[in-house]
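Build the full structure now, drawing on both the sequences and the hints.
Okay, here's what each chain looks like letter by letter:
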Amino acid sequence: MRNRLEGVWQFAAVALLLGAVACEGPSDPMVRGAARYDQCAPCHGAKGEGKPALAAPPIGGLPRWYVEAQLDKFRIGARGAHLEDSAGLRMRTMALTLPAEREVQVVAHYVSSLPHAASAPSVSGGDSTRGKAAYAACASCHGVDGAGNPQLNAPPIAGQADWYVATQLANFKRGIRGAKPGDATGATMKAMAVGLDEQQIKDLAAWVASMPRG
Amino acid sequence: MISHAVDQVSTFAKDIDVLILLICGLVGFWFFVAEGVLFFLVFKYRAKEGGKAAYIDGTDPKHTRFISWPHRLILLCDVVIVVAAVRVWVEVKQTMPTPDQTVRVVSQQWSWSFQHPGPDNKLDTADDIKTLDELHVVAGQTVQFELVSQDVIHSFSVPVFRLKQDAIPGRVIKGWFKTTQTGSYDIQCAEICGIGHGAMVGTIVIEQPERYAEWVAGHAPVAALATPAPK
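Chains as they are written, first to last, in the working numbering: chain A, 1 to 214; chain B, 215 to 445.
For the record, the hints were derived by calculation from the structure and aren't laboratory data. All the given hints hold, so there is nothing to weed out.
Straight-line Cα separation of at most 30 angstroms, DSBU-like style, residue types lysine-lysine; simulated pairs:
#1 K307/B with K388/B
#2 K336/B with K378/B
#3 K392/B with K336/B
#4 K392/B with K228/B
#5 K180/A with K344/B
#6 K190/A with K51/A
#7 K336/B with K307/B
#8 K180/A with K336/B
#9 K190/A with K344/B
As structure tokens, this is what we get:
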């Protein structure tokens with residue numbers, strides 16, 4: 001009798017574990033990431049191409065480590081928690097809907113697998129020749145070709161939408177981004193952007209957007 | 215009864231609960247009476263061997279009283295509900311008691327932010343305290359809120375207050391509540407406002423005056439504290 005009871009318990013334990021595994025959903029991170037990305041697509045586009053009208057930048061092809069780091073920052077309020085950053089506030093809430101760190105990883109994995117999409121110029125008044133000269137200061141971290149450097153936590157920026165580059169530089173300059181505890185890399189960018197004037201920001205945006213993404 | 219599920223933390227929460235129970239009771243009573251009569255008649259006049267349908271033209275008072283009397287009683291219930299509802303509506307939405315404090319509630323996709331009056335207890339001065347996610351108020355005080363939206367329609371909903379007010383872009387909508395106890399309670403958006411609507415949450419922190427004063431002292435802009443407001 002006791003043995004039979006033990007058998008029942010073992011069976012129940014195995015069934016429970018199997019059930020728990022089944023509840024986890026598909027194990028392939030790409031499938032899980034694609035499912036999670038359904039939440040992102042309304043703003044960032046089905047292929048991560050971005051929607052300027054919604055202030056959602058192109059994110060397709062960004063490296064996984066960078067997407068993860070930014071999602072983590074949004075989740076802890078290190079980014080997107082400034083009252084004047086309406087786009088960041090939206091992203092913060094969406095990042096918080098990811099139930100666990102593992103979901104951050106799978107969605108970042110999926111985003112990094114999407115193709116990089118070129119964006120049409122939308123910021124007027126920027127001079128990419130002047131921007132190229134000003135870019136010398138950025139090249140030490142982001143690379144001469146804008147390919148980024150993971151060792152320095154510098155993301156690839158070549159070919160990023162000009163409006164997004166301009167907005168983020170202005171946000172860094174004004175302390176809307178990079179001023180919260182928990183955003184050490186943002187603080188570096190804030191220090192770099194603080195001396196830029198409006199024209200330099202436009203010039204840099206024009207140059208960065210014109211660089212081909214490798 | 216409802217307070218077992220959701221606390222009553224505003225002065226008008228109880229009035230609204232009583233109103234909800236009154237409506238549930240009256241409507242529920244007539245619902246069960248009507249369904250009971252329906253199923254009773256369906257059963258009583260079910261198809262039987264040799265049964266023959268009677269033709270009733272609906273003009274004989276002997277027949278119509280089964281409809282006209284319940285109709286009158288239900289109209290009476292309607293009057294009771296309308297009178298009770300209007301009394302609560304006037305108290306909650308049409309009356310503006312003198313506030314002890316005025317705060318601004320800012321809704322935007324998909325966050326709540328708040329502007330507190332700061333040490334001088336006046337809104338739109340240099341010492342205002344702006345917060346994200348958290349609204350701080352003093353227990354027992356009457357708080358007037360100015361509700362605005364930065365983008366689309368939202369709805370400021372505090373379940374424990376039984377308070378719900380739409381926020382309309384371009385309008386400043388005023389309302390009030392008077393808290394009855396301390397604690398932290400949920401604020402939620404009650405109007406579909408985009409994909410992040412379900413996660414658009416905040417917290418209202420109701421504190422004793424001393425704790426609130428400490429919070430104000432700890433969060434007021436430093437520059438504003440250094441230069442006292444002109445008298």
